[in-house]
Each structure stands twice: as C-alpha cells, then as structure tokens.
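Guided by the hints, dock chains L, P, U and F with the ligands onto chain H, whose structure is given.
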Amino acid sequence: MEIFGFPPQLILGQVLIGLINGSFYALLSLGLAIIFGLLRVINFAHGALYMMGAFAAWMTQAWLGLNFWAALVIAPLAVGLFGLVVERAFLRSIYHLDHLYGLLLTFGIALLIEGMYRYWFGAAGKPFTTPDVFRGIWDLGFVIVPKYRGFVVLASLVTCLAVWLLIERTRLGSYLRAATENPDLVSCFGINVSLLTASAYVLGAALAGLSGVLAAPIYQVTPLMGTNLIIVVFAVVVTGGMGSLSGAIITGYGMGVIEGLTKVFYPAASSVVIFVVMALMLLLRPAGLFGKEA
Amino acid sequence: MLRSHVLPVLALLVLLCIAPLVFYPIFLIKLLCFALFAAAFHLLLGYVGLLSFGHAAFFGTGAYMCAQALARWNLAPELALLFAVAVSAALGAVIGFLAVRRQGIYFAMITLALGQMVYFIYLQAPFTGGEDGIRGITPGHFLGVVDLSNPLALYFTVLAVTTLAFALVWRIVQSPFGMILEAIRENEPRAISLGYNPTLYKLAAFTFSAALAGLAGGLKAMSFQIATLVDVTWQMSGEVVLMTLVGGIGTFLGPVVGAFIIGGLEQYLAQSALPAPVILGAAFILCVMLFRKGVAGTAKSLLQNRAPKRSTPDNPETQATNRIVK
Amino acid sequence: MTSSQTAFLQARGLTREFRGFYAVKDLDLDIRAGQVHALIGPNGAGKTTVFNLLTRVLDCTEGQIRFDGEDITRMATHRVARLGLVRSFQISSVFPALSVLENIRVALQRPNGLGMTWWRSRSALDRLDERAHALLLDVQLGDFAHSRAGDLPYGRKRALEIATTLALEPRMLLLDEPMAGMGTEDVVHVTELVRRVARSRTVLMVEHNLKAVAELSDRITVLARGEKLAEGTYDEIRADAEVRRAYLGGTAHA
Amino acid sequence: GPDAIKVGLLMDMTGNYSDVAGRGSVTAAEMAVEDFGGTVLGKPIEVVHADMQNKVDIATSIAREWFDVDAVDAIVDSNMSSAGLAVSEIAVEKDRLMIMNISGSPRFTNESCNPNTIHYVYDTYALATSTGKAVVRGGGDKWFFVTVDYTFGHDFQAQAEDAVASEGGETVGSVLVPLNASDYSSALIQAQSSDANVIAFATAGADTSNAIKQAAEFGIGQGDDRQLAGLLVYINEVDALGLETAQGMLLTSAFYWDLDEETRAFSERYMEKMGKMPNMSQAGVYSSTMHYLKAVEAAGTENYAEVMAKMKEMPINDFFVKDGYIREDGRMMRDMYLFRVKSPEESTGAWDYYEKVATIEAEDAFTPVSESRCYLLKEES
Amino acid sequence: MPKSAVPTWGERPMPDPVLSVTDLHAWYGESHVLHGVTLDLKEGETLAILGRNGAGKTSTLRAIMGVIPRRSGSVKIHGRETIRQKSHAIARLGLAYVPEERGIFASLTAQENLLLPPVISPGGLAIEEIYELFPNLAERRNSPGTRLSGGEQQMLAIARVLRAGGRTIFLDEPTEGLAPVIVERIAEVVAMLKTRGYSMLLVEQNLAFAQAVADRTCVMEHGHIIETFTAADADSHAASLQNHLGV
Ligand SMILES: Nc1ncnc2c1ncn2[C@@H]1O[C@H](COP(=O)(O)OP(=O)(O)OP(=O)(O)O)[C@@H](O)[C@H]1O
Ligand SMILES: Nc1ncnc2c1ncn2[C@@H]1O[C@H](COP(=O)(O)OP(=O)(O)OP(=O)(O)O)[C@@H](O)[C@H]1O
Ligand SMILES: [Mg+2]
Ligand SMILES: [Mg+2]
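Chains as they are written, first to last, in this note's numbering: chain H, 4 to 297; chain L, 159 to 484; chain P, 16 to 269; chain U, 20 to 400; chain F, 61 to 307.
If a hint is listed, it holds; no wrong ones were tucked in.
If we take Cβ atoms under 7 Å as the criterion, some of the chain H residues that face chain F in the derived model are:
1. Ser-177
2. Asn-185
3. Asp-187
4. Ser-190
5. Asn-195
In short, the hints are calculated from the structure, not lab data.
The structure displayed is predicted, hence computed values, not measured ones.
In this text, a Cβ means the ideal position worked out from N, Cα and C, and glycines have one as well.
Looking at chain H on its own, in the form it has when it is part of the complex (with noise of 0.2 Å):
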C-alpha cells in the first residue's frame, strides 16, 4: 500500500518526527504567548533566550561539570533569571508606550545578545551530547526514533500541559487574564501586577530556557540557533491567533506535522510551508485559527 507514492510507514514516521519539531514550536510559542498575553509584548529575544538556555546548559556541563538533569533545572532558572533583569531594567519602562516599542526593544536585545555571545563563544557553537540514559533509538517498526526525542516529546506535553493548567485553571490565571486587560484596575483590588507582570515574563523565558536544554542535545548549540527559528514561531503564533494558549500549543504541534509531512512530499516547498500555511489562514480566519476577535 502507498500514499501518494510514499510508503505509509514513512508517513507515519514523518508524522511523529514532525511532533518532535513541534515540541518546540509549541514550548516557544506558548512562551510568546504568555508573554504576549500579559505585557502586550511581542518577545523578540524568544529566539535569543532559547539560544542561552541552550549555552547554559553547556555551561553547566563544561563549566560546573554537572549532567543533563542538571543542566534541565539550572538553565530554565538562569534564563528566567536573565529575563528577570530584562525585564525591570527595559520593558517595564516602556509597558505604557505603544506595543510596537515593545517589538523593537526585544529586537534589539536580541541582536546584542547573540552579538555578544558570538563575540564570547565563537560562530561554530559549543558540544554537547545527548545524555547517557537516552542514547540509541527505538526501533518502533515503522519508524526510528532516538530515545532522547522520545523524551523531548514527552517533556514538553508535560510541561506545556503544566503550564496550561497553572494559567487557565487557576486564580492566577484569571489575575493573568485581567491584568492584561486593565492593569491599573486589578492593582486596585490588591494585586500586586508589577510582580504579576515580571511574573509572566520570567516564565516565558523560562519556558524558552527549557527548550534550549531540550534542544542542545539535538541541535548544534550556535548563538545563532534561534534566530530563525523564532520567525517560523512567529509565523506558527499568527495561525492560532494569539487569544489562547492551547491554540499557541496546539498550532506548534500541528506545524510541526504539516512541516514535517511536507519534507516528504515536497521537500522544496519544506521551508515556506509553515508561511504558506499562515498566509491561508489570514485569508480564510484573519484573527487565527483560536484567535477571539472575528
């Protein structure tokens, strides 16, 4: 039996090798998105912070001598750290300009940082490997996959999972939700937003910190390894519309699939599908496939 000329077995492999790529186009964009959500910032530097959450965890390795779970804790904590100080020292600032600043403050910051850590650490990136738990593949019959992608996959359903749950099922959640809104107002019933607003900025960069880890195991760590990436998540963010964060999830792992599928069909088309995709979507649904206003 054959689809279109392609063994199924191949499709289905590409299927789930594409869910391995959305695992970060939707750890990266519900990152976005929660930043976006509170501080009506479009976080340039995502791609940046994925790239330092990536050298932290070479640094834990190389530096401190300390293993992959290691570097799982102490690089999300380091970037969210790192984007702690972004934050009080930039963007709160500039929260009551219009949202475009916000845009081109993070684009800059994320030119001086790659600058700089091109600067440090060289073009060509840094080694790491995949831990020692995860190595060898996993023969499922129709397909191989690497243990460690197994994993990759499995971490980040738990942690957008989490993340999801935190936000859209809690109180903090509504405090999210309404302070995005009116902040002024939500301070006015004894919420602290500032802290709230910092809050959500850590936690996105955070979020990207993590996928840095996960991905340095798979992907050469470069201080360029985000720069890319991130319009392709900007691209996967417009389609499922910025009202909700199981649409930046759901929107990441399907982007994944139709990218991956796509290398098989039509590898030459591999690299504009995801645009092709979000070109279509502003046509038949402008507000996104989850977006709220239509």
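Positioned in the frame of chain H, the structure of chains L, P, U and F with the ligands alone reads:
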C-alpha cells in the same frame, strides 16, 4: 508645514551635490538608496501607522529584478528600474493584501513571516545564483545619454531619481489621499463609518511603499552591479526599522538622517574594532529607551522649543512618540 | 419613492443569536421618513445589537433589512454608510490629532471625489472649506475650527461628531446614547442639536435619558429581552403597565 | 603605494564566518608579514583589515577606498563569494591583485576568472571531486546525498555525483533540505531506509553541524555499515561538534595542522596567538601572503601585472603546500587530502581530530583545463 | 510644620476618618489635573462628589487609589499615610473600587469577574449571598463579562468588591447609562450598604441620585473641591449647584 521643510531640504540637496568632493560617490549612492528605502518604509510607519518588518522583500525584489533585466535581458537602465518597481509593487500588493487584514504587532509579525518566505523563494530560485548573486551587470546609458559607468554620472543619476522619488512621497503624504491615511490611523472605525474602506487605502499605501522600496533596491543593484541575498534577509528589514527609529518616526527627513547615520556607522564600524551587531543592537535599545524621537525629531523639537511653546494638556508631540500606531 | 406611509428603514424578523442566546429576536421595525424614532428598553434589551445589525457591523442570524427600498441585509459596512445610513459613535469618535476643520474635511472628501486623490496637494481640499465652515456653524463650533479635536471638551466633541456625520448628508442618522455621561448642561445642548438636525432627516436614537426622549421623539419602540414590548408615542408608552414594570419603574419622571 | 606595501583582508569579524576566517585569518596574514621580515623592497609591509559584516556593499566600498586612498596593493581574502567576486572585479578596474582563500565558489576560476585574481585554497569542485573519488576508491560506492536546496547545494551534489560515477560508484538517492532547516531527521530517515553505504552532506556551516549531530543521534555512521561524508567541513566545526559526535566522518581538506613537522611548527605558533589551530583557509592566508611578498621581492616592483606573473611563475613550497603552482586561470594547484575523524579513544588530546586516509593529486582534484569555463585558459589552448 | 497631637474638631469626640485627603495634587504626564484636593470620609458616611465632565472626580478616586503615576499631598487611610505606597498595598487597607465604565474583564466570565478580587478583609459577602442579591448575575454567570448588558455589568462591578470585604467603597458614576428601573435597583443597593455600615465615596453626574443617598456632598471644579455641604443644607446650596453644575 511645507515652509518648515524647504530650508532643510534645500540645504540637504546642496550638501549632496558637493558631497562627492569629499566622499566616494559609490558610498554616497549606497546612502541614497538606504535613504529611499527608509523613506518608503516610513511612508507606512509614519503616515499609516503600520510597521512592516518584511520590507527587505521589496528592496531585494527590486534589486534582483533590476539585475535580471540589466544582466540577462540587457534592458536600458530606466526600463530595468521601471521593471523592478513594477514587480515590487505587484509583490507588495499580494503581501499587502494578506497583511493589512491585521494591525499593530500582528501586522509586523505577518510581514516578517511573509518576508522570510520571499527570502526562501529567492534562495531556491535558480536565477538568483544563490550566494554568488546575480553578476555581470553593465548599467549602460541612462535615458540613452548618461553614461553610468562614470561614477559621478551614476551618482547624479541616482541623486536625481531619489530626489524625484522623495518629491513623490511628499506629494502623497501631503495629498488628500494622505489626509485619509492620517484619519484612518487616528480612528479606523470612524473612518469606516464615514464610508471609507480602510483596507483599500492601506493596501494602496502598502503597494506604493513596496514600489518605492523596489526602486531603492533597483538603484542599488544598478550602482553596485550586483544583487545578492543579503538584500532580502530579515536582518535588512530590521536595519531599515533601525534607520527610521534613529532618524525619527513621524518626521519627513527622519528616515534620510537615519539612513545616513546607520549607513555611515556600518562603514565606520567596519574598520574599527567594535563588533557591529552588538553596536546596532545597543543602538536599538538606546533609541527605544531614551531617544524615541530620533535625531530629526529631537532637532525639530529643539527648534520648536525656541519658538513660543504651545501648551496643551496632552501635548500631541509627546503623544506621537508614545504611540506609533493607534 | 418613499411615501410617508412605507417605512424608510424597514426590518423584518430581525434576529441575532450569540451561541444560543438571542440578543434580538424576530424584531420588526419600521421607521418613517422624517421622524425621530427612539429605541428604549432596559439594559441588555438588545438596543445596541439592533444598531449593530442595522449598520451592518454585525451580521444578523435571520431577517431582512431594507433601507429606502434597497435590501442591505448583506451589504458591506462602508457601503451602507455611502447609501446614507450613517451611525454616530460614542464620544471618542473624532480624529483626535486632526483639527476640527480637518475632521469635517475628511468626512467631505469622499463624497466630493477627493478620497484617493494622491497627485494633488492638500490645498485641493480648500474648496471644501466653505461647506465645512457652514457645518461647524450649524453645531456652534465655528470658533473652534483650528483647535485640535482631541482637546475639545466633551459636549463639543459630541457636536463635532454629529457635524462630521452630517457632512455625509446622511438621509438617516443612528444615534447610540448621544447623552450618555453628559452633564445637564450638555444634555440640553445636544438635545437642541438633535432637534435641529432632525428637521430634515430621519433619526433613530437609543437613549436612557427619558427627558430627552420625551422631548425629541415622534415615536418610541420599547425593547425587552430582544423583543418588542411596546411601540407608540411617549404618552402611550408611559401609560403602558408592562413598560413601567420592565423599564420605567416607579419614578417615571418626565 | 609609494611608502608601504599593504595587504588587506575583508573579513566577517563578528558574524557566521568569524570562526573559520575572521580574526584568525588576519592573524595569519600578520604572521606572514612578520616572518617575511616586515619589509619588502625597502618598504614596510602593512596588514589592514575590515569587518565587512557579510555585506557586499560594505566590502566593495571599502575595497575601493583601500585601493584608491590607502594604496592597498593586494586583497588577500574576502568573506562571501558574492563580495569576493565583486572585489575581484574592482581589483581588475584598479590594477591590483586579489587572492581568495575562504570562499569555495568555482566561479572565481571559471565564468568570473580574471588576470588579477588567484583562488588559493580550495573550491567546491575540488572538495566534491576529491571526496567522491577517494571514498569510492576506498569502497564506498553507493551514495545518498543530503543536499541544501539552493544553487550551492545543487552544484555541489552534481560535482560529487560526477566524481562518484567516474570511479564506478552510483548515487542511490538524494534529498533536499532547506537552508538553516536545523532539523534533518526526515532526511536522515530517508537516507537510512536507502541501501546507501555513504551518506554525503552537500551542505555548509551550521547545517552540516546539525546534520552530523543528528546522524549520530539516529545512530547513522557510528557502528553501522554506513559512512558519513561531509563535503565541506572545517576543523572548527569538528571542534564544535566534538569527537563523540563527529567520529568516523570522512571529509576533504587542503590542510591539517598535524600532517608533519612543518605544519605543526606553524600551527603551534599560531595556536599561541589565537588559542586554536588554524584551518585550511587561515593557513592559506599565511601561505598566499607569503607567496605574494616573495613575488613582490622577486619582481622588484609592486606592479600587479609583474607580481602576478612572478606568482604564477614561482612554484610554491612551504608548510601549506608542496610543489604547488598557480595555473593561468588563477587556480592554485595543490594536492587535497581525505581525512577520517578520529574517535574520542583514538584522539590523544585537544585538536587531535583527523587521520589522513588518502591523498588526491591536484590534477585529479581540480577542474581540468578541458572543462574550464575561464577565458584565460581558452586563449591559451 | 509639627502635627498637633490633639484632634482639632469640636468638643464631640469624632470617630477617626476612614479616609482623609489633604492637598492632593495629581498629574497625567505634564498635565496637572488635581490642584490640592482636601476631603475626608467618616466611618459609615456616604460622601458624594459632584462636578462637570473633566472636573477631576474620577482622577480624585484614582489618585487616592494610587493609580495615577504622579501625585503629591497626603492621603491617610485609617490614619495611615499612603502617598508613597503602591496601589495594591493601598487597596489592601480596605478600599473597594467600582470604576467608571464598570471595568468588567472581557476575557473572564461573569463568575470569574466576581471571584477575581482577592479577599482583603473578612466580612465580605459570600457568593450565594451575592447571587441572591443580584439574581440576573446568577443567570448569566458563565457568559463572558462584557457580554452582559450595561446594567448587569454595573451590578457585577459592585458585587465584585462586596465579596472582597473592603469596607470603604468608591463608586464612580454607578448610574451612567442605566435604565430608570435599574437606577432604582442601584439606589436600593447603596441604601442597603449604608445600613450595613459601609463608608462610601460616590462620584455622580446624576444629581437626583446623589442627593437621595449622600450624607454630605462636595462640588468639584478644575481639580478643586469648591464647596462641601451636608444633606440638611442641600436646599440652601441649590443656587450654587445651579451655577456650578448647570442644573
Ligand atoms: N457579541 C456578543 N456575544 C454574546 N452576547 C452578546 C453580544 N453582544 C451582546 N450580547 C448580549 O445581548 C444582550 C443585548 O445586548 P445589547 O448590548 O444590545 O443591550 P443594550 O440594550 O444596548 O443594553 P444597554 O442599554 O445596557 O447598552 C445582552 O444580554 C448582551 O449580553
Ligand atoms: N489618562 C489621562 N491622561 C491625560 N489626561 C487625562 C487622563 N484622564 C483624565 N484626564 C484629564 O484629567 C481631567 C480630569 O478628568 P477626570 O476623568 O478626573 O474628570 P471627571 O470629573 O471624572 O469627568 P467625567 O464626568 O467626564 O468622568 C480632564 O481634563 C481629563 O481630560
Ligand atoms: Mg447599549
Ligand atoms: Mg469620570
């Protein structure tokens, strides 16, 4: 309005006419191309309130199309430029059609993404020659008379074309059409209720801006005799944003000043020990944090401060800098 | 073709559903040319929704709308405006950074074919000034022509808003709570303004200020829970027990 | 210039290529000048450099300024083939000399060849051909290509396929991947399901690094009967990947620091200055600068035509190249080497990465005169 | 100036004011909107602030709450100076704010809106009690907040702060845009709150409504309080009200 610009514009023109005595014509040409590119970008940002983060797509298209026409079809330079403008405008209409459905940050993200898509298309298209670019351009004679292989003739041709383009931008901004653009930026639902179709106006402005960006790219390709992928990258889109930000959003000459500063800075940084991306990143941060009016905006408000100041409760000047779009 | 008998604006079976909730349900509305028609009703009755349906900001789930004999049920928003069915907005709806005069000129541009004119200078708009000034005088804004619209006091913005709307020479005006949030002084002022405007036009108005409603309207429709509760003159409405219970309450002062 | 002999480098000092060229190339040029003695024809020798930021316009305007104002005599390297090609044309216009070390575009000695330009270290044709021929000779005869989807990749693959076929090997499949795609799993799965015994990457830079890293993850080329071949891999990239990941891979290079006494001597001096070993392009900058200075001395003038004539006339013998010579089209002809990346166990220390498996003669590696598209060779023949 | 330790009001021992504002100034950017507001609110009292559009009524409430970035003067809540405190800390001293235009959150359902303000002191109403008081809200509890009609939203805005337990309520134009029947309902609610001993600061345009519920009335113009009078004196001030409010 017009009065206040006559002197600076004249001064600038005079300076540009004598500049080749001091600077390399080719370097000046680059600045002019950037200035036109920035003005095209600013037409959207400053007057329609739309921040396009994918304008390199049009700049690059202009460059590739002009290069293609000159190198492979041996068209006359003016025809090659027209071709570049036409294709960029068409691309602008398509991208604009998709993008103007959303506003603000969404618009910025969408243009960025579509711009990146255009980059990939050029990357893969065989005619662009990948990393080597389109080469072998001989610019020929402009309008059949001006020999463009002479650097000075080339410079003055580019100067004339850009000056005309600037005049056109000025005309559009200061036309009844420009008035409606301003109104749409101020209050879109109100404009709709007055019977205007904002999508159409924004699309017209977008297409126009794309056409001008294409002209800038075409001029650059014609002058440098090469068209490369660099002109289509999103970094280029980011650079034009930076130029406008540095120069000053909302001032007619801002983009020109910004383009000159950034173009000059790049050249200077090239021979200094400072890492260029870090400096540009820092410039971005600095402009957003402390210097939102940009150079031209600051100069303007300094000049106005000397004149008796109008004090209204909410000063429009400060409002304009807090707000790029409504 | 609009005789005084057939309605100028006619809605039949107008219905709007929001996920199972009927904001407007099977509403018939007839507004005669030249009248001031008020739409009142308790909060949540669906008045704003009716406005949104009539001006095509919202699509109706069911029903048909005819304006001056033409079916506008599926027409694009800006085209409805061009037909002369124009809605006046709440307070913020001026172009704040433009001058008062420019606000009016923007409204005049399109009807005078100067909307897309990009090849001429703005002085091409000077020929609109005479008409613009006349409109400003009409709403007593003559002295404010060169002020920034955003700097005007509340009541004046309202006046400017209405003048801009009038510039379109609308045949029918829809006013949503024109007196909302206004001091007594401004209410008097705007009432007078609406009265003047209504002399030559059809007006549909939503308003909670009963004093103004009483003074201005020829006919009143009372909505409740999306449906028509009563219709008639002010006195007829006031006498209606249902209306008293659902809307006016005990203190129906006039 | 009247008072000094100046050589210039237009490098990407901070961007993507700053590791493989950048400061390291400038240092190599400075070492050459120092080793030469600092003066030639009684004039001091100066090295100038600029950060061209990967922009053609910056590179060309600086090149013009250097030639016109600063009296630079030769540009001895420039990042990016497009910039390099443009600079080489300016060299023609200004009667100066241009040497290309970092870029591998075959255009320099084909369509865009000119009498002012030398292509010194390698080109993609030579890499593809050498790898193709040497690997097939070593038994790897069924090839699967993972190719970056644009002109560079397409050409690269075609050149390698020709070489493979010329030695009796065959191409059993190929897959295109977008530039900067970062994820190669789809391509690798396809490669894995083919019956190839060589999986070749017609890619460059970060793409190659990602592909190799993920191949290791999928267990390809380590412990199975397949071999990985990187068509364009710099030692810096192997260093960044780590031997754990890169072990077993085959690649072609014009230079390795640990080939013999001479290479070690130079490289250790270089290491002291840069903190890392030189790659082929950086070593090439040293060698070509040295050769240029010797030619100036031999010609007794800095006039480009006479210097160029001397450069083409004098054989090149130094740590970088044995019996090398510059062909009429500007191509420096030299042997290429096929290396295999050592495993961590085989490696005895930092930068001990390669084991030489084969040498490919210059005539075998580079575009033969018969196939050249350079007008300079046509006139001759 | 040293502060006098002895309270300066007459012989009768007065309860400490819940809120005492002295010479409060506030700025939006460069524009100076409050020019020295002085007022106090006693325990259990309802104080109405009247004034034209733009007189600074809302700004007074916002300045007390600390959500205007630049302010000066003195704001004491239960005797504690709060001029340097952040607004969330000020709120926790027992202030409950029902803002102009209701401030209902679109992204939260009616019930989520109701549950949003954290309980700042015990003694607030339980949710069942609230639904009993406002049956409409119970009916529409799962609708998005801003899909409620104007009147429902106003109820929600008041109900919301009652739950949190603040005993000093700021009401900013609670009757704006409401149908007469609903205005009556709101008046009932305010009366009920009075009987329960809440202190209220009420900003109004609706003179009839304000006079029906207020113990004292202030008139504001151009960022100043220009006069204050008790309900008993209201008649003698009719002329000046006419003058200042254009009634
Ligand atoms: N977009 C919407 N989605 C869901 N429900 C809606 C929507 N718009 C209005 N409603 C509901 O429809 C009903 C009517 O609302 P509408 O705004 O028309 O009332 P109204 O008569 O204008 O009230 P008010 O006098 O308070 O302004 C309300 O119960 C409201 O909750
Ligand atoms: N966010 C703001 N930025 C700048 N100025 C403001 C802002 N809010 C209010 N103002 C100005 O402050 C002054 C006082 O406004 P405020 O809202 O306090 O008046 P108000 O008495 O509540 O009027 P209304 O009856 O219209 O609600 C007005 O001149 C207003 O224009
Ligand atoms: Mg309403
Ligand atoms: Mg107010």
